[in-house]
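Enquirer: Protein chains in written order, with the numbering used here: chain A, 1 to 219; chain S, 1001 to 1414; chain P, 2001 to 2966; chain W, 3001 to 3088.
Bear in mind the hints are in silico, worked out from the structure with no lab data behind them. For each residue, glycine too, the CB sits at the ideal point set by N, CA and C. Careful: at least some of the hints might be erroneous.
Below are the DMTMM-like pairs computed for lysine to aspartate or glutamate, each with C-alpha atoms no more than 25 Å apart in a straight line [claimed, not checked]:
| no. | chain 1 | residue 1 | chain 2 | residue 2 |
| --- | --- | --- | --- | --- |
| 1 | P | Lys-2858 | W | Asp-3034 |
| 2 | S | Lys-1227 | S | Glu-1354 |
| 3 | S | Lys-1407 | W | Glu-3053 |
| 4 | P | Lys-2872 | S | Glu-1085 |
| 5 | P | Lys-2124 | P | Asp-2521 |
| 6 | S | Lys-1407 | S | Asp-1297 |
| 7 | P | Lys-2124 | S | Asp-1105 |
| 8 | P | Lys-2053 | S | Asp-1012 |
| 9 | S | Lys-1407 | P | Glu-2714 |
| 10 | S | Lys-1050 | S | Glu-1016 |
| 11 | P | Lys-2513 | P | Asp-2381 |
| 12 | S | Lys-1407 | W | Glu-3022 |
| 13 | P | Lys-2872 | P | Asp-2849 |
| 14 | S | Lys-1227 | S | Asp-1386 |
| 15 | P | Lys-2497 | S | Asp-1012 |
Incomplete in silico selection of chain S near chain P, CB under 7 Å [said to hold, decoys possible]:
| no. | residue |
| --- | --- |
| 16 | Gly-1067 |
| 17 | Ser-1111 |
| 18 | Asp-1183 |
| 19 | Ala-1184 |
| 20 | Trp-1268 |
| 21 | Ala-1311 |
| 22 | Val-1328 |
| 23 | Asn-1329 |
| 24 | Leu-1331 |
| 25 | Trp-1334 |
| 26 | Cys-1401 |
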Amino acid sequence: MPLPITRTSPFELPSTPGASRDLAGASLALWFDDPERERQAAQRLALCDLSALPKAGYKGNGATAWLQTHQTPLPAETFESTRLTDGGIIVKVAADEYFLEAGPSGVDLPVPSNGEFPPDCFPVVREDASLVLCGARAAAVLLQVCGYDFSTATLDRVIYTRVAGVDSAVFPAAGYPHTHVKLWCDRSYAVSLWNSLVEICEEFEGPIIGAQALFTDLP
Amino acid sequence: MPHRLLKYGFSDHHPEPRMFRDVKHLKPEYDAVIIGGGGHGLAAAYYLGKDHGVSNVAVLEQGYLGGGGTGRNTAIVRSNYLTPEGARFYQASVELFQDLSRELDYNLFYSERGHFTLAHSPASLRTQRWRAEVNQHLGIDSQVVDPKFIQSQIPQIDLTCGGHQPPIHGALFHPPGAIARHDAVAWAYARGADRYGAEIHQQTAVTDIEVRDGAVIGVHTDRGYIKTRKVLSAVAGWTTHITKMVGLRTPLVIYPLQAMVTEPLKPWLNHIVVSASLHVYVSQSSRGELVAGASLDPYELISSRSTLDFAESMSGHLLDLFPCLPQVNVLRQWAGMCDMTPDFSPIMGLTPIEGFYLDSGWGTWGFKATPISGKTMAFTLANNRDHDLIEAFNLSRFERCQLVGEKGAASVGH
Amino acid sequence: MTSRLPPQPGEWINREQPLDFQFEGVSYQGFTGDVLSSALWANGVRVLGRSFKYHRPRGIYSLANHDANALVSVGSRTNLRADCLPLEANLQASAVNTLGSVSRDHLAIMDRFSRFLPVGFYYKAFHTPRRLFPFYENQMRKVAGLGRIDPQYREAATAKQYDFCDLLIVGAGPAGLSAAVDAGERGLRVILVDENPHPGGSFTWQWRRHAEALERCEQLLNRVHALDNIDLRVGTLAAGCYSDRWVALFDQQRMTKLRAAAVLVASGCFEQPAVFQNNDAPGIMLGSAAQRLVHRYAVQPFSQGVILGANRDAYRLASDLTTHGIDVTAICDLRPEGESSPAGTRVQELGIPIYRGYTIYQAETRRRGTQLTGVIACPLDRQGDTQPQAGLSLPCDGVAVSVGWAPDAGLLYQAGARFQYQSAVEQFVPHTLPPGLFAAGRVNGIFSWADQCIDGQRAARAAAIHLGHPDITEIPTLTHQGTPPSHPYPIFPHPEKHNFVDFDEDIHLADFKNAHQEGYDNIELVKRFTTVGMGPSQGKLSNMNAIRILARQNNATIDATGTTTSRPFQHPVPIGHLAGRRFHPLRRTPLDAWHRQAGAQMAHAGAWLRPEYYGAADERAQSILAEAEHVRQRVGLIDVSTLGKLQVTGPDAAEFLERIYTGRFQKQSTQRLRYGLACDETGTVLEDGVIARLAHDHFYVTATSGGSGSFYRELLRWRQLFQLDVQISNLTGQLAALNLAGPDSRDVLKELTCIDISGEAFPYLGVRVGTVAGVPATLMRVGFVGELGYEIHVPASSAVHVWEQLCETGRPFGLKPFGVETQRLLRLEKGHLIVGHDTDALTYPAEADLQWAIAQNKPFFVGSRSLEILQKRPLMRKLVGFRLKDTEDKPFPEECHLILDGETIVGRVTSIARDSTLKHPIGMAFVEPRLASPGSPLAIRTAPGTTVTGEVCSLPFYDPDNLRQQ
Amino acid sequence: MKILTCPLNGPRPIQEFHYGGEFRPPLDPAQLNDADWGQEVHHRHGEPGVKREWWYHTASGTWFIAERDNLQDRVIQTYLYTPERGND
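Put together the whole structure using the sequences plus the hints.
Expert: Right, dumping it as structure tokens:
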């Protein structure tokens, strides 16, 4: 049974979505305009809000061991990531800390069966805003907002840097072309970052699109 | 046309003598050695001669006159300080400055423009009121003014800051706030000091200071050794270099402070405008250039290199205040070195080493103190006793955990 | 068009596209591709601007972006350089800084007075009597300055961008192009910039008639265009080179901040003026300017010209001009030996008279200096001194000066290069370059195009080696062969003082003599006193000659004389480009949109935006009081999401908190809150908040809105220093916090949660974890506003849901939102201080009456040792509450008004409220301890000469027994 | 803009960092009299030369130590703090 909608995006999105899906108490826009046009835009340049994807953090000396018991494929090195089966991502953000973002298919985040974490593993609330900048011209947009040279970036490795003045985790993701990046940032700064990116994307004629164009295999 | 200029027109030869003697050799001994040929050191030499009759004085300058902080600041003079000890000290300086061109017979272009410290939040307006209240109580002309008044005085200002920044809620207005030709202050004091007998030695670097039994006995320079029992360090950004020679620890750390100047423009900005929250202070020089400075660089550095970050952020903030300026060209940027103290007040006077005197901790506020620091340090050297006006600024305040409250308002921003 | 030449090969103008434009109200025609100066010159206009000080007429001098006297205004834009201003259709330009017009400038009278206005004259007059100085200054300010700003001018922010490359090459002349090709063929990511609209550098003016050079230029350009990894950017100025090869590039659209792994500067040289009487007259220009006019714009520089030369370039110039039908009357060669190369022979063959060992002594003009009629040349003796008695008159309408060069070395200096004067070229050349920086071509002292090409390759290879490319054959360094391209002293005195060294600032030779006589005898003092090099062209045409003059005055070498420090920018750059699009990250709570819709007055609070209160801007006081009354009587809801929110976990969590905060936490019960006060190392109050223990090894901590960011950062640092097993997570942005407060709050909340929130089950200072409105929540019973209340912390994404549910459920209770100003009033009534508002940067706990929060006998916490020292001292001030007796009609006290005892300052108001729910004004103040006991009268100065009397009273004002919070 | 190398995040423009001042080993309060403590708390090694400093990479929340020449603005090395490397 779907949960009632209790979670909202920090962003002001263009219009009522053409289609959406419920995701752990949030609504994920699948497209706004026309799915085909958005798919084309995603090749060229587009911005997509994925803040609805559920996220969680796990921290403490026992975090690694506990996550392993949940069959989560853990990255070995700090700042590296692995893919979850539902399209989600898990990133090792410190020696004793992981950040997990679920994919769009609604798979639950790992929680203890009895509700109690082991004494040395602490859940950390993660409510980061999450967005994707994609398309061939994404690199040009990034050059206006970030002093990091993404042409040298390693795929699937998170880069902590400053984007449009906002400290962000940037994730040049595999699965779609290299110029596609995912950004996570503190929710309180997210509107500022989003507005800056929207303004620049508009100048490059890049629209805001729904998630379907990114996750073509959405069930 | 002032008759003085006629003299130039009708003389066959330029009638001006050297501003100070070109002394070729260092003497083996001086009654006092002043390290640093900037405004402060030269002023101290001048007042040592004038007020105390001490004329056997050498001023040692590693570079050229006024080449340090004196020539690199944005030349603002004001006295609207927060603490009574600060306000009194700077007020005495302003009073000396006002008559200094006449006293030294050198036009220092001391130009009273009126000084606005803008407040972008109720919290910062509170602080301005604090300063205004202390100032008024001490007889210093300062008041809190509302945005309407600011706009009436500076029509080009955008009180909303383009919507990018917190809007202007008001300002501290200090009518006697002035600018002066900074290099000229050093030159005029040099000429004055020379006339009272002090020797000025440029391109003379101090390499060590000889201390015996806790007292200064001499100074090594790259041009030889000098015997002396009194040494004044007045070197701002190089203070930590000098204090190391005598093994003195201080809270001083050196930060660059950057500034920039635009191409000349016809006069449009009459006042001095400061916004602490936007990190801008700006005025228009008598040549027509906009001279703009910022806050300190973000990290310690004993260098006067420039950064692009500074030019970018300063330009952005200038446009926040004055949106009509985007096509005005920036000509040049530069930096000076500031010896910062933890309580935004100078470190002056006697030190644990007998005969070693500090005139330091000038941070970003040294130029305006030039006359009074010269005068009080001259007194202190001559009498081996801190002048009343600088007692609160002695180095010993730190070991007593008794800081000057000038920093008091700094954290009021939450 | 009187001076336009027939079409030239490679000219930059497009004759198919004529353009109409106006200068000083007169209409002219030019072509697309012209700059304003070339178009005007083509139309026979010779006076393009007026000089800064004496308002002398000036024409084209460099045509290379250094003509600082030909500045124009176009619409709202001003101080534009005519020599690089592209001509546009219907451009309407006028000269700056003239009174009347550029051709009849009334301020030209200043020139008559020049003898009364020697260098530094303004330091010597106008200051006595003091009262007259403002008048004089006002007059001086009016005549100084150049263009006028348009106060109405606005411009959309331009986008800035970052960029990256392996090798940046500055200058697309022979050396730069060769370097680019060499590096490009190795696969380096190359960016090649040139400030001109077309690449080619000196190929495009100096070597235009040299077939071999032209062919090489073609080849190089073809390779550059063919290689994908070479990004050629014309019209792009490298304006500054900063630490670690961070380079500011400017084009018409924007600034690009480029990080280059290596930088190769092939920027060439500035041709340098000769100093002789009236050397500024329109028609006198650099040889390179004449060639630029001819080859780039097909404009005849003059019809009959004299060349003043001191190098081979002068002879090539003579042949070049002659080929274009320009009558070269004579060459005056400063060198007694003249030119023996084929270039010299060719000139002889052309029959041009060559005066060896001659200089131009003075230029002759008519029509108030606007028209050149000829020059007087005179021989030089062995010492190089002029022999004016042997002068001869040479009629001409133009002079081309070709006596030497100075390196365009600004970027290299800025990047930390050191230079040495080399007498083989009579020029400064790079001596040591910092790692990653390379120089090639003329800036490196290499002077023929073929050698420049080789030098470019050499430098490109050195750069590639630096970048780690293996197996590269190095090319040996070249040295200049033949006579020096520059004359060591092309400077000639004249009794009438119009021989200018600095055109920007109207500084003539005698000024240097006078400055020297006054003791301004080193290069930095000379610069500051005379202002040489401080004008818009920043000394590009004057610094070298100034150094030569000073060296001679001091009888010192050029190296010993030194240079002034070169600083950004290379050419002036617009503030708008530097500022660019700005990012102003603001923090918003998840309820930001809700507040706006509800009519909140939003205000900046540090990085955050917060509602001050809800209601109209002109009903501030009423709205705040109404909100406060409502909280006291019923129930209110405030968004406190800006509070710092930290999670501290791990086995050593309690130990860690005890070291940070002044209180004790080891024995704190779970599900309980404690007040936390933190100081810095000097004992100053830094932060406060509540500390909730959720489990033995799990604390949840709140911190102030403004300070929490830096506090979190400091905690991370202490964590490392203490080496404790503790994790700290900053949840400030992850969680929202809502404070439901007022007598009815329990009744509202119980509808939405299954936690037992009865007073017995969940007492004051308790903390509970559960759900609110179906969302996971942490609830804390705090009493900041002094009423029964619950702080509800929920995930940020659920904040709107929970807030709306609370509003909905609270409707029957009349629940109203309230803002931060209301909260401030309520907390003042309750006697709670706000760190940073009621304390300052030097307040220690005892002063703020927070001694109770310091655990006694604790071995250590940050600041404990300093507090020990501070507490031995008598207390100097104390924070107290006060009420106002009767303000009558006097001005009402405001925060930061002073408290006086006679003439002595004894305190300061920190908080005040005129209207409170207590129905009388209340406040807090710092006062001297002797005034701190309840009942003490306080004289508050509210205006000069006016005091209002307050009375110290004990805190809190409201509900001292905490009955409201049961 | 200068490049600073964060031991975890690699080389970054210095704008991404917060300067944390001179590294000072934790003091033992019991060992110092009042005046010495007052000096230790306030005094710094401000003289020209190589200094050990705290730097903080803001986006990732990483504190580390940089050895930097404050005269040349040259970073000699950066590393994460450990008591062994920090307090020697």
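Enquirer: When you check the alpha-carbon spacing of Lys-1227 (chain S) and Glu-1354 (chain S), does it fall within 25 Å?
Expert: Status holds; Cα separation ~15 Å.
Enquirer: So if I understand the rule, the pair passes when the alpha-carbon distance is 25 Å or less; does Lys-2872 (chain P) with Glu-1085 (chain S) pass?
Expert: 24 Å, holds
Enquirer: Straight-line Cα separation of Lys-2497 (chain P) and Asp-1012 (chain S) no greater than 25 Å?
Expert: Holds, at roughly 12 Å.
Enquirer: Are Lys-2872 (chain P) and Asp-2849 (chain P) close enough, with their CA atoms no more than 25 Å apart?
Expert: With a Cα-Cα distance of about 16 Å, the restraint between Lys-2872 (chain P) and Asp-2849 (chain P) holds, given a limit of 25 Å.
Enquirer: With a cut-off of 7 Å, does the beta carbon of Ala-1184 (chain S) approach a beta carbon of chain P closely enough for the hint to hold?
Expert: 6 Å, holds
Enquirer: With the threshold set at 25 Å, check whether the alpha-carbon distance from Lys-2858 (chain P) to Asp-3034 (chain W) stays at or below it.
Expert: 18 Å, holds
Enquirer: Hint Trp-1268 (chain S) vs chain P: min CB-CB distance below 7 Å?
Expert: Given a least distance of 6 Å, the restraint on Trp-1268 (chain S) holds.
Enquirer: Would you settle whether the hint for Asp-1183 (chain S) is holds or violated, based on the nearest Cβ-Cβ distance to chain P being less than 7 Å?
Expert: 5 Å, holds
Enquirer: Is the interface hint for Asn-1329 (chain S) satisfied, with its Cβ closer than 7 Å to some Cβ of chain P?
Expert: 3 Å, holds
Enquirer: Has the given pair, Lys-2124 (chain P) with Asp-2521 (chain P), been kept, meaning a C-alpha gap of at most 25 Å?
Expert: 19 Å, holds
Enquirer: Is the interface hint satisfied for Val-1328 (chain S)? The criterion is a beta-carbon contact with chain P at less than 7 Å.
Expert: With Cβ-Cβ at 5 Å, under 7 Å, it holds.
Enquirer: Against chain P, is Trp-1334 (chain S) within 7 Å by beta-carbon distance?
Expert: 5 Å, holds
The structure meets every hint from the earlier list without exception.
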